[in-house]
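**Q** So the chains spell out like this:
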Amino acid sequence: MTRQKRTHHRLKRAVAPYLYLSPSLVIIGLLMLLPMVTVIGYSFQNSAVLRRDPSFAGLKHYQAIFDDPVFWASLWHTLYFTCMSVVFHMTIGMIFALMLNSDRINPTLRNILRVLYILPWLFTAVIIAVIWRLLLEPNGVVNSILLQLGIIGSKVEWFSSPRTALHAVTFANIWAGYPLFMVSLLAGLQGIPKDFYEAADIDGAKAYQKLIFITIPQLMPIIISISLLDFIWTMQVFPLIWITTGGGPIYATEVLSTYTYKLAFSSYNLSQASASAVVILLISLGLTLFYIRYQKAR
Amino acid sequence: MTFRIKPAMLKIAAAAWLLGATGAMADTTLEFTQWWEPELPAGSLRAIMDEFEAANPGIKVTLVSGPYATTRDQISVGAATGTLSDVVGLDGAWVNNLNAQNALADMNPMMDASKFDKSQVADIIKVDGKAVMFPVASFVYPVFVNLDLAAQAGVTKLPSTRAEFLDAAKKMTHADKNQYGWVLPLSLQTPSGVQNDMMSWVWASGQSMMADGKPALEGKPVVDMLSFVKSLNDAGTISPGIATKTEQEKVEEFVNDRVGMMIDSLAHVNLIRKRNPKLNFDLIPVPVVEGYTGKRGLPYASWGIGISAASKHQEEAWKLVQYLMSEKVNGKLVSLANAFPGNVNAKPDFVTSDKAFGKAFEIFKTGYLANEFTGLPVAEDLMTQFDVQAQKMLAGEQSPEQAAAAAQKGWMAKF
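Line order of the protein sequences matches chains A and B. Numbering-wise (the numbering used here), the first sequence opens with residue 96 and increments by one. Numbering-wise (the numbering used here), the second sequence opens with residue 15 and increments by one.
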């Protein structure tokens, strides 16, 4: 084989993997990178999208959103909404998964519960929002039951009162999202070898000790992975909040997604909306990198 | 054989090409983007376009239809990229932004060139002196009164002033029965309640929220209106859930006998009847401040129409606009939409056949169309800002004066 042929062959071998990858790289580039880069570009322009000759704005739009107290309120609401949702998704998901995995419950009842518990997952965000709007409206079922039980003295405007609105939307989101944890943890529970529990029984371990020293450590990889994913997804929730409260009353449920949406489609300030979107992207990116590092470490 | 077929085929192809080419040269195709088609009876707008095409040989119209919100976004992007359709359906709230982008053609020269009779149109929306929009169909917002609830509450005379309205609202309110005098939707998702349910009180009394083209929210008219709304709220006459209530929910509450009065679009009359055929209701103009006897401003939303500045067929586009604004066609279109006409001479057929519409038409004729958000920059954003301040006021966080001052500050930043 001549030297030229060898070089050609080596080159061919080096390029081949990239050629195989090229269709997916093109798709990722067009559908993910291009829009992302475009939005980042908009955030540095004046009158982005709305003018054919936008001028360079530098960091002006980032400065504007960082100076806006509503942005910081939105960030705080996003963190509250996300953290509470993830914690309760995990707790409720774990309780239900343990229940469905328990041999002490009648198999028929277990199957019925399995269907019931997974129901919230079958509804779209819009349906969930409508359901909870109807349930929590001042003349709705929830107020009626709570009044009859004497838990509340007068009708509560769950979504319309600044005191309760954020808790109400968080509650609706918790209801909507726990099945992901439940299903994942149930799969994890079924994968834990029975020997561990038998050995614990021989050692005289109590139920809570088995939970703390066997179940949770065994499920930890799933808990961390799903929690991180849930954190990223919940941070970007939009339709549920938009349909139930529109970010109000006042700014009580304004989160980063509704804040960005209003900048874009109410104020038509697409440059500032892009800057806000980039901030969300950076937060999500940070979490994603953390997730990837965790996955690699495993 | 082959030699015989080939020349024949060539001749046919040439003839077809000639026919197509001459056809293409003769026909101008106008693109007309709007959200009206889905809201009209199926096929009715297309039928009007077919009639236009028959009356104007050589002009074809392609309808680009979608829901309101989608159309709005499509038009915004089209304006930015210079790809706006030749003729566009417009909401008054959009025109300022579109004009700032130089996306809309000035129809003044077209009107002059065609000797268009300006007195026949109900309104011409102008921005910076440019005639950019005609309201084709107007949906007015009177007060709907549940007559059964009014009678049960002992309200014999329907309110004409704000004081009478407050009194009637108090009488109709029975919170223990989930029954309230008035309903106010201030959801931030669609802040149009600020325009339809709040500012309408200002316009009804011939007042204004503007002064010299700038916001004047700290003036007496707006502060008085806010104080009036606060007094209704303090008296417990407004159905709860104000801050997240949407227009649809407002209508549902009225339909289900849960509120005695609401300000709403006339376009909902048929919907209300369909949802509750037994509902006994009447329409009255929005009540005014004590002692006001002048003409009443009637809040309205409209289907507007304009021409793209980038259109290569502005002459033909103007023909279509003229056609839709003409007495006969306009009357037909608004009859289909249950709206009031953009041509003052047009008379929709439903006003003679339907008592409620007939009454509303009388209100329409004795008053004038008023919507000061039309032509304002980022109108929806202004409504959102006012909405937030009104919510703070109703939550007891600030006074009407403080709400007005805070909204004024926010609005001025947008002018």
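Treat the hints with caution; some may be incorrect.
Looking from chain A toward chain B, a few residues come up when the C-beta cut is under 7 angstroms (computed) [what the hints assert, rightly or not]: (1) T97; (2) S322; (3) A359.
Here are the simulated DSSO-like pairs of lysine-lysine, each with C-alpha atoms no more than 30 angstroms apart in a straight line [said to hold, decoys possible]: (4) B:K171 with B:K234; (5) A:K250 with B:K228; (6) B:K234 with B:K423; (7) B:K144 with B:K129; (8) B:K74 with B:K171; (9) B:K144 with B:K326; (10) A:K155 with B:K333; (11) B:K74 with B:K428; (12) B:K326 with B:K191; (13) A:K155 with B:K228; (14) B:K423 with B:K132; (15) B:K288 with B:K144; (16) B:K129 with B:K234; (17) A:K155 with B:K428; (18) B:K326 with B:K309; (19) B:K244 with B:K423; (20) B:K244 with B:K132; (21) B:K244 with A:K250; (22) A:K250 with B:K191; (23) B:K244 with B:K144; (24) A:K250 with B:K184.
Simulated from the structure, these hints should not be mistaken for lab results. Backbone N, C-alpha and C fix where the C-beta goes; we use that ideal spot for every residue, glycine too.
**Q** Which numbered conditions among the earlier hints are violated in the structure presented, ordered from lowest to highest?
**A** 1, 2, 3, 5, 8, 10, 11, 12, 14, 15, 16, 18, 20, 23
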